[in-house]
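There are 2 protein chains.
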Amino acid sequence: MTDPADPAASRTAPADELRAFALRGIPELRPGDDLAALIAGAAAERGGLENGDVVVVAQKAVSKVEGRVVALAEIEASPQAVEIATSGEQQEEPRRIQAILDESAEIVRVRPPLVISRTRHGFVCASAGVDASNTGGQERLVLLPVDPDASARALRERLRELTGRTVGVIVTDSFGRAWRTGTTDVAIGCAGIRPLVDWHGHRDSDGYVLHATTIAVADEIAGAADLVRGKLDAAPVAVVRGLDVAGDGAARELVMPRERDLFR
Amino acid sequence: MTDPADPAASRTAPADELRAFALRGIPELRPGDDLAALIAGAAAERGGLENGDVVVVAQKAVSKVEGRVVALAEIEASPQAVEIATSGEQQEEPRRIQAILDESAEIVRVRPPLVISRTRHGFVCASAGVDASNTGGQERLVLLPVDPDASARALRERLRELTGRTVGVIVTDSFGRAWRTGTTDVAIGCAGIRPLVDWHGHRDSDGYVLHATTIAVADEIAGAADLVRGKLDAAPVAVVRGLDVAGDGAARELVMPRERDLFR
Numbered sequence: 001m002t003d004p005a006d007p008a009a010s011r012t013a014p015a016d017e018l019r020a021f022a023l024r025g026i027p028e029l030r031p032g033d034d035l036a037a038l039i040a041g042a043a044a045e046r047g048g049l050e051n052g053d054v055v056v057v058a059q060k061a062v063s064k065v066e067g068r069v070v071a072l073a074e075i076e077a078s079p080q081a082v083e084i085a086t087s088g089e090q091q092e093e094p095r096r097i098q099a100i101l102d103e104s105a106e107i108v109r110v111r112p113p114l115v116i117s118r119t120r121h122g123f124v125c126a127s128a129g130v131d132a133s134n135t136g137g138q139e140r141l142v143l144l145p146v147d148p149d150a151s152a153r154a155l156r157e158r159l160r161e162l163t164g165r166t167v168g169v170i171v172t173d174s175f176g177r178a179w180r181t182g183t184t185d186v187a188i189g190c191a192g193i194r195p196l197v198d199w200h201g202h203r204d205s206d207g208y209v210l211h212a213t214t215i216a217v218a219d220e221i222a223g224a225a226d227l228v229r230g231k232l233d234a235a236p237v238a239v240v241r242g243l244d245v246a247g248d249g250a251a252r253e254l255v256m257p258r259e260r261d262l263f264r
Numbered sequence: 001m002t003d004p005a006d007p008a009a010s011r012t013a014p015a016d017e018l019r020a021f022a023l024r025g026i027p028e029l030r031p032g033d034d035l036a037a038l039i040a041g042a043a044a045e046r047g048g049l050e051n052g053d054v055v056v057v058a059q060k061a062v063s064k065v066e067g068r069v070v071a072l073a074e075i076e077a078s079p080q081a082v083e084i085a086t087s088g089e090q091q092e093e094p095r096r097i098q099a100i101l102d103e104s105a106e107i108v109r110v111r112p113p114l115v116i117s118r119t120r121h122g123f124v125c126a127s128a129g130v131d132a133s134n135t136g137g138q139e140r141l142v143l144l145p146v147d148p149d150a151s152a153r154a155l156r157e158r159l160r161e162l163t164g165r166t167v168g169v170i171v172t173d174s175f176g177r178a179w180r181t182g183t184t185d186v187a188i189g190c191a192g193i194r195p196l197v198d199w200h201g202h203r204d205s206d207g208y209v210l211h212a213t214t215i216a217v218a219d220e221i222a223g224a225a226d227l228v229r230g231k232l233d234a235a236p237v238a239v240v241r242g243l244d245v246a247g248d249g250a251a252r253e254l255v256m257p258r259e260r261d262l263f264r
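Protein chains in written order, with the working numbering: chain W, 1 to 264; chain D, 1 to 264.
Treat the hints with care, since some could be wrong.
The list makes no distinction among identical chains, and a pair is therefore deemed to hold if it is satisfied within one copy or across any two copies.
[Stated by the list, open to error] Distance condition first, Cα-Cα at most 25 angstroms in a straight line; then the derived SDA-like pairs of lysine to any residue:
{"no.": "1", "residue 1": "LYS231", "residue 2": "VAL110"}
{"no.": "2", "residue 1": "LYS231", "residue 2": "ARG241"}
{"no.": "3", "residue 1": "LYS231", "residue 2": "GLU28"}
{"no.": "4", "residue 1": "LYS231", "residue 2": "ALA250"}
Everything labelled a hint here was simulated from the structure, so no lab data went into it. Computed from a predicted structure; not experimentally measured.
Kindly generate the complete structure, drawing on both the sequences and the hints.
Written out as structure tokens, the structure reads:
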């Protein structure tokens, strides 16, 4: 029997259901903080992690503990950055544009001051994932992790060490999309899950064999987590429970290979 | 007190959580079927719909009841369709390409036999949303609804009539994305929800005012629903519970306006 007053019991997801909840009380993060320990502690308040859970962590939290933060004051803007920053209808901080250029492997589109580029990881997104942060009165920029798949793997290993649970980890960021308004959260790092689930050869209810149905479940999980993170005023971590996506994939599989990319 | 054996009680979503579950037992659909009645009946097996639920319906189900189905035998392929169908490494059925061209307002990319186009609704997707279906041994093509926002509104009204509950409705399809592998489900029709939630002016945990944070929650909800629809062998309908997204938006708001579109 389960006790309805027991938070652990109330968090169990039936086999045909998913549950997602954000974790409360993760504090402002600093370089070197043990993020996995903070996650394990916050999850314990909710009955603890379970095997098969997917722990979804906003990139900004990961980047902060990894020290991927630069002070605006330390950046020197190139003439190209100044040009992009000042030639649009809205003015931008040229040093912020410089950080974006520094993080970019390739510029995809520019409409000053907006820059859409391909990061060194291969992700195409606005501002190369560079976020502003105003910590303690100092203007800083938060960059994407150097290797978000490695970040996810490290968090996953440390969570196993601390909790004894085998979970998946997804590191997410909010990306705009071509042709659609608004952002959705997507996976930029993964560990312990299959980011793509291939239904190739799966039959639909008519018996017709579906094709081209490789589903980017890591991105759909990232989006589900964003919905509940928003409920808690953009809490940095959420847990998605009840999915069967365990595996050993990486988010770099979500980058369209050059030879298949029709938009490159 | 709630009874843990009561399925309605067990489906309640705490305020900081979302729950998503697919509905079982929706049969093969035919033109004129009362889809809302089938949804209400299937939901009743799970304790019934609740006010504020978002009912997520796969496009194929909506199109079938709306009669947006054409027999392959009734299509005549143009020379352009034959050229696209036969000039790639994989051969395609020219009449299927013709249906895609007929549903397209503008061709965005062609790598035979793959066609990426803008539909008359403004959505950019592969095959103009045209799906194959092999019902009763006859090859048919399922087209997108003529007006998916109107389809969502009609389903929502009928669900209110049948259940007394005020819900949101999202009609979804699986779209590929530029630069990323795999598909995610996105909203092509909405009723009773805000598809975009604007956090403009929202402050992050540092007190920094976030910008450019309009979140396409309708697409994130579509993705969450796809994750549980997949658990039930691609069941056509899922319910997402626990979100505060009530409003009166439409999925056409998710189409990037021409003047803001950098990829047009």
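Going down the list of hints, with the structure as the test:
Proximity of LYS231 to VAL110 under the C-alpha cut-off of 25 angstroms is found in neither arrangement, the shortest distances being 33 angstroms within a copy and 41 angstroms between copies. Proximity of LYS231 and ARG241 under a CA criterion of 25 angstroms is satisfied in both settings, with 17 angstroms inside one chain copy and 13 angstroms between copies. With identical chains, the CA atoms of LYS231 and GLU28 are at most 25 angstroms apart within one copy only, with a shortest distance of 18 angstroms there and 37 angstroms across copies. Taking identical chains as interchangeable, the C-alpha atoms of LYS231 and ALA250 lie at most 25 angstroms apart only when they sit on different chains, with a minimum of 22 angstroms there against 28 angstroms within one chain.
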